[in-house]
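Given chain A, put chain B in place with the hints provided.
One letter stands for each residue in the lines below.
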Amino acid sequence: MKLRVCILMLVVVTGWIVSGAEAITTSEAPAGMVAVPAGEHRPLFALPNEPKTLPVARFGLDKLPVTNGDFLDFVRANPRWRRSTVKRLFADANYLKHWAGDLELGESARTNQPVVWVSWFAAKAFAQWKGKRLPTVAEWEYAAAASPRRPDGENDVEFQRALRHWYSTPAPAELPRVGAGLPNCLGLFDLHGLVWEWTTDFNSAIVTGDARGDTGLDRQLFCGAGSAGAKDTGNFPAFMRYGFRSSLKAPYTVHNLGFRCAKDL
Amino acid sequence: MTALFSTTRAWLAATFIVVAFGLTSCATTSTDSRERPPCCREIKSSAPIPDQSLYQLDSQWTSDQGRVIRLGNLQGQPQVIAMIFTSCEFACPIIVNDMKRISDALSPEVQRKVNFTLISFDHERDTPERLLAFRKRMGLPMAGWTLLRGEEDDVRELAALLGVNYRKDARGQYAHSNLITVLNAQGEIVAQESGLNIRTEGIAEKITAAAK
Chain A
0 MKLRVCILML VVVTGWIVSG AEAITTSEAP AGMVAVPAGE HRPLFALPNE PKTLPVARFG
60 LDKLPVTNGD FLDFVRANPR WRRSTVKRLF ADANYLKHWA GDLELGESAR TNQPVVWVSW
120 FAAKAFAQWK GKRLPTVAEW EYAAAASPRR PDGENDVEFQ RALRHWYSTP APAELPRVGA
180 GLPNCLGLFD LHGLVWEWTT DFNSAIVTGD ARGDTGLDRQ LFCGAGSAGA KDTGNFPAFM
240 RYGFRSSLKA PYTVHNLGFR CAKDL
Chain B
0 MTALFSTTRA WLAATFIVVA FGLTSCATTS TDSRERPPCC REIKSSAPIP DQSLYQLDSQ
60 WTSDQGRVIR LGNLQGQPQV IAMIFTSCEF ACPIIVNDMK RISDALSPEV QRKVNFTLIS
120 FDHERDTPER LLAFRKRMGL PMAGWTLLRG EEDDVRELAA LLGVNYRKDA RGQYAHSNLI
180 TVLNAQGEIV AQESGLNIRT EGIAEKITAA AK
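Protein chains in written order, with numbering that gives the first Met the number 0: chain A, 0 to 264; chain B, 0 to 211.
Chain A on its own, in the form it takes in the complex:
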């Protein structure tokens, strides 16, 4: 009898544990975020002996880029990140230059436009304040590969044409609001077509220069980069993002560079 009870208890407890584990692995993304399923990312440049694809674990990603309105809440709560107080080490002199004042957006910065003129440090601090983090290059590229119709956007001719168009058009003087375009099939807005976005390891590019022919790497400058080669020389937008990221430094702020946050799920 005792044994039976024990077994019954064990079954019940195991049931709890199993359902608990399921609850964790299928946990919903927090409000405003999308749960991006685990998958594989094919880096543009592979190092020697490196597999062609890198696994990307399931993670949460903000549906929308961070807006001026969101960022205003952040600097209200964190005086250290206001335009007049931020240290030059963490943001260059153009930090939030489109705002009317420390705590005032003004005419050139609408609440629902993506925030730009922010440094990597400021973006990282915002994410940390929210209990989130910045996405990695692999996570961002993996999520951004999906088109409105299919997860493998590289095989979506129409999507590729639209991408080439955006990446070859100057940013408009006035940025559109966030979320105005079509979401991709994961439910994420504005990964292409609005602003460029910071990633946590933007400084992981180990190629000098930004030209796609530049695979004769300088072993003097980079250890281990000896024979890295591009996997897909036709993916022009990816080269542009790679080149753009490698031209950045962490305190830089740019008129069309914003960010969104990610989170482990």
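Watch out, some of these pointers could steer you wrong.
What the hints assert, rightly or not - Cut-off 30 Å, straight-line C-alpha distance, at most; resulting in silico cross-link-like pairs (DSS-like, lysine-lysine): (1) B:K112 to A:K86; (2) A:K248 to B:K167; (3) A:K86 to A:K129; (4) B:K167 to A:K131; (5) B:K112 to B:K205; (6) B:K205 to A:K86; (7) A:K248 to B:K99.
No lab work stands behind these hints, which were simulated from the structure alone. Because the structure is a prediction, the values reported are computed rather than measured.
Only chain B this time, still in chain A's reference frame:
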């Protein structure tokens, strides 16, 4: 390159131009500063730290002697800094050797005033013990050489500040920039030299100037 890209590059170039802003420092005190993550704590400024000083960083580092420090603890003497990892097969021993050559190029008087600091990329494998073994293997004296390890995020942040790019490959080895940086006594970058088997004269002069 395309129009967007050239515009972007132009803007990037523009950010190099230092615009003299009339900065008013708002001294704000916050009561909950201890509960905040390091990003959002107010910086305690007992001694004034320059705006561009790396010593404003809050991150904690552990030395090969097991001592936990903030970079601000290095304040007061010029630092010659490089980022390495101890299982590096190619470049790191050359970088360390370059730093020794820089040290040899200094006058004994300047040498005493300067500290050489090596910081590991490899937050997983480079424990204080492994750093100590590396110190012995490379024949680095106790005096004047500091070896540090830190957490992943803090390593990424410091690398971003120094302008060091790096990435871990599938074998757990790091591909990284080969870069030696000189900080003055207040923690500002005063010189950088990239490459391997570098010429030491120029950088030695800058260190000597920083040590005055």
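Quick rundown of the hints versus the structure:
no.	hint	verdict
1	B:K112 to A:K86	28 Å, holds
2	A:K248 to B:K167	19 Å, holds
3	A:K86 to A:K129	21 Å, holds
4	B:K167 to A:K131	23 Å, holds
5	B:K112 to B:K205	13 Å, holds
6	B:K205 to A:K86	25 Å, holds
7	A:K248 to B:K99	29 Å, holds
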